[in-house]
Amino acid sequence: MFLKELTELSGVSGYEYEVRNYIKNKLKEIDCEYYIDKLGNVIAHNKGRKNKTIMVAAHMDEVGLIVRQIDSKGLIKFEAVGGIDQRVLNSKVVLVGDNKIPGVIGSKAVHLMSKEERGKSLPIDKLYIDIGTDSKEETEKLVSIGDYVSFKSDYVEFGDNMIKGKALDDRVGCSILLELLSMKLDADFYGVFTVMEEVGLRGAETAAYQLEPDLGIVLEGTVSADMPEVEDYYKTTIIGKGAALSIMDNATVYDIDVVREVAKIAEDNNIQYQYRTSGAGGNDAGAIHKTKKGAKVVSISIPCRYIHSSVSVASKNDYENVLRLTKEVILENQKGD
Amino acid sequence: MLKDFLFDICSSQFVSGFEHVNSHILPKYFKPYTDSFEKDKLGSYIFKASGTSETNIMLAAHIDEIGLMVTEILEGGFLSFTSVGGINPASLVAQEVTVFGKEKIFGVIGIKPPHITDAEERKKPLKLKDLYIDTGYPREDLVKMVKVGDIATIKREPLSLQGSRISAKALDDRAGVAVMLETAKELKKISHKSNVFFTATAQEETGTRGAKTSSYKINPHIGIVLEVGFGMTPDMTDLPQLGKGPIVAFGGRLNAKLTKKFVEVCKKYNYPLQYEAVPGRTGTDAEALQITREGIPCILLSIPLRYMHTSVETIDLKDVENAGKAIARFINELDNSDLEEILCF
Numbered sequence: 188m189f190l191k192e193l194t195e196l197s198g199v200s201g202y203e204y205e206v207r208n209y210i211k212n213k214l215k216e217i218d219c220e221y222y223i224d225k226l227g228n229v230i231a232h233n234k235g236r237k238n239k240t241i242m243v244a245a246h247m248d249e250v251g252l253i254v255r256q257i258d259s260k261g262l263i264k265f266e267a268v269g270g271i272d273q274r275v276l277n278s279k280v281v282l283v284g285d286n287k288i289p290g291v292i293g294s295k296a297v298h299l300m301s302k303e304e305r306g307k308s309l310p311i312d313k314l315y316i317d318i319g320t321d322s323k324e325e326t327e328k329l330v331s332i333g334d335y336v337s338f339k340s341d342y343v344e345f346g347d348n349m350i351k352g353k354a355l356d357d358r359v360g361c362s363i364l365l366e367l368l369s370m371k372l373d374a375d376f377y378g379v380f381t382v383m384e385e386v387g388l389r390g391a392e393t394a395a396y397q398l399e400p401d402l403g404i405v406l407e408g409t410v411s412a413d414m415p416e417v418e419d420y421y422k423t424t425i426i427g428k429g430a431a432l433s434i435m436d437n438a439t440v441y442d443i444d445v446v447r448e449v450a451k452i453a454e455d456n457n458i459q460y461q462y463r464t465s466g467a468g469g470n471d472a473g474a475i476h477k478t479k480k481g482a483k484v485v486s487i488s489i490p491c492r493y494i495h496s497s498v499s500v501a502s503k504n505d506y507e508n509v510l511r512l513t514k515e516v517i518l519e520n521q522k523g524d
Numbered sequence: 242m243l244k245d246f247l248f249d250i251c252s253s254q255f256v257s258g259f260e261h262v263n264s265h266i267l268p269k270y271f272k273p274y275t276d277s278f279e280k281d282k283l284g285s286y287i288f289k290a291s292g293t294s295e296t297n298i299m300l301a302a303h304i305d306e307i308g309l310m311v312t313e314i315l316e317g318g319f320l321s322f323t324s325v326g327g328i329n330p331a332s333l334v335a336q337e338v339t340v341f342g343k344e345k346i347f348g349v350i351g352i353k354p355p356h357i358t359d360a361e362e363r364k365k366p367l368k369l370k371d372l373y374i375d376t377g378y379p380r381e382d383l384v385k386m387v388k389v390g391d392i393a394t395i396k397r398e399p400l401s402l403q404g405s406r407i408s409a410k411a412l413d414d415r416a417g418v419a420v421m422l423e424t425a426k427e428l429k430k431i432s433h434k435s436n437v438f439f440t441a442t443a444q445e446e447t448g449t450r451g452a453k454t455s456s457y458k459i460n461p462h463i464g465i466v467l468e469v470g471f472g473m474t475p476d477m478t479d480l481p482q483l484g485k486g487p488i489v490a491f492g493g494r495l496n497a498k499l500t501k502k503f504v505e506v507c508k509k510y511n512y513p514l515q516y517e518a519v520p521g522r523t524g525t526d527a528e529a530l531q532i533t534r535e536g537i538p539c540i541l542l543s544i545p546l547r548y549m550h551t552s553v554e555t556i557d558l559k560d561v562e563n564a565g566k567a568i569a570r571f572i573n574e575l576d577n578s579d580l581e582e583i584l585c586f
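Chains C and B supply the protein sequences, listed in that same order. Per the numbering used here, residue 188 is the first one in the first sequence, and the count goes up by one each step. Per the numbering used here, residue 242 is the first one in the second sequence, and the count goes up by one each step.
In case anyone wonders, no lab produced these hints; they're calculated from the structure. Since we're looking at a predicted model, the values are computed, not measured.
Partial list, computed: chain C residues near chain B (C-beta under 10 Å):
1. D258
2. G261
3. Q273
4. P289
5. H298
6. K313
7. Y315
8. S340
9. V343
10. M349
11. A467
12. R492
13. S496
14. V498
15. V500
Chain C stretches covered by chain B per the calculated footprint, using a threshold of three residues with CB under 8 Å from any CB of chain B:
16. 264-272
17. 301-310
18. 317-329
19. 415-426
Computed cross-link-like contacts, BS3-like style, restricted to lysine-lysine with a CA-CA straight-line distance of at most 27 Å:
20. K385(B) with K503(C)
21. K328(C) with K559(B)
22. K522(C) with K234(C)
23. K191(C) with K396(B)
24. K264(C) with K396(B)
25. K289(B) with K498(B)
26. K364(B) with K339(C)
27. K396(B) with K307(C)
28. K503(C) with K345(B)
29. K368(B) with K422(C)
30. K244(B) with K260(C)
31. K343(B) with K503(C)
32. K287(C) with K396(B)
33. K364(B) with K422(C)
34. K307(C) with K365(B)
35. K422(C) with K365(B)
36. K244(B) with K328(C)
37. K502(B) with K485(B)
38. K422(C) with K370(B)
39. K287(C) with K244(B)
40. K323(C) with K485(B)
Glycine is no exception: its CB is placed at the ideal position from the N, C-alpha and C atoms.
This is chain C alone, in the form it adopts within the complex:
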């Protein structure tokens, strides 16, 4: 598991350098062949027995912020990169740019708020990052427009086999993919670490074009809304109940036969799984299944609470189940007669 390292790196969509460099180094360590394509996807190849072309994808990028303006007092105005709920930004520590300049996103004192203001979140255009400077000039020495900003959030193991970090969506997928590539299975597959999933499945589109997979397997950190206030109907996935198989989301209607085959593989191998019971969201499968003449896809996900915030939470049990299931799916699809 490489989650501590992976979640503590910055890799906001379009600026995945730290994550990519980490993955490149790991691939060299395990002596796995790879190349980087024009968009920045890392395409690794595990050579082995082959019936079909399998592409296993996990995205390197994470949601975050980008510097849009520096005001006269040296405060930094920003824009969201990917789907960020404004409510998660209140009172946070962030790191700005390559030099990771620390800053805070504050909030007006509760004492100064009107009754109507209390409890409400401010829209992103009213928020700013304070790095402790007083003028535009001071800030401009340290920060430029276009600098990427990520949350500061340490990887923590807590509770009963749970983990917390930023960017579990989708560093859990990256970590599992690295583990799969380390196993040196005698089953052929391409391990693709994609860029810019959070801003429109961009990397997966070009990677799939190059690889023309027969089967795409997407490893994701997906929505789990199994909190007390959420009605069962909206929970989507339940933490600790195993690998989540998608049936339909905003980007893909999954081939139901393939999904059921994967479920059967899970059952045959005593791997805990669940169905992802919401049509909301979408992932790289949306790009992969429409590539060229089309491809079969399956999404195997780790349920994550508080996804797209600095404190996403997942279960190590689910992680293990996704790892085991993906391995079996690859082996099953490439097994000889």
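Assemble chain B onto chain C, guided by the hints.
Relative to chain C, chain B alone:
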């Protein structure tokens, strides 16, 4: 040194009513500069630097901080909670917390992801009852570790920003406590006549209660209240700025002549100062001090602070240093003045 002290005390919990839990921390820092230490019955810490005269001067800065208190242990390892002191629920979303149960328990306060939250829902004000601490334990394990009434704070490592700015939780009012330590260090260098009582008061956030009992116990001739004040931000542009000196308050809770004397001293010795007019309620320990026993003449000095009552409260250390020195100088000047004349109407 000043920063180390602040980082240490801001990393520890002193939630209102629970100031006794980490009772070893303050004595460690104050004892080298003071002569005796005692507590009042509500949990205020009183460090006395003895002088040679009969005059008692009380410095008051509250050690307590706002926090959370567990109200219910739910299925799935979630905790419901209420607030201790004034907290905007919006500032709790996506925060890490430490629950002080039988042991320290890590938790997070999250909300539903944007994928299944509609635009209307995002605009709705959040209430404490809508939020939960997720501990990651099954309920049956959790009940062995956490009880209703246990407290929690946001888990936030203090952070150095540019220059002399720092950001942390509970700088309200650890910044004031740090001013006291700076003053204590300064006074150690010069011989002072007055007895100076450095008082880290309990339960300010729940109604300036420790200040009431500690000032009764000390029975000082004057009180110097050290607080934090609202610093300028884009949505509040007419407020004092960080790094431009502490804020001295004028108003009905404070003694006008004593305040004037303090301003004179600062001007004479070139200590930077900013000003605020507070006609009525100050929302500080001065509320309690002013009307203790027959009354205590007070001044109120505040460190400008941004984002009050959030976990990213931000101050400039220069303001703390300057305030500490200015108060020491003020005490020195009072020692050499006719205090009765200053306080006489």
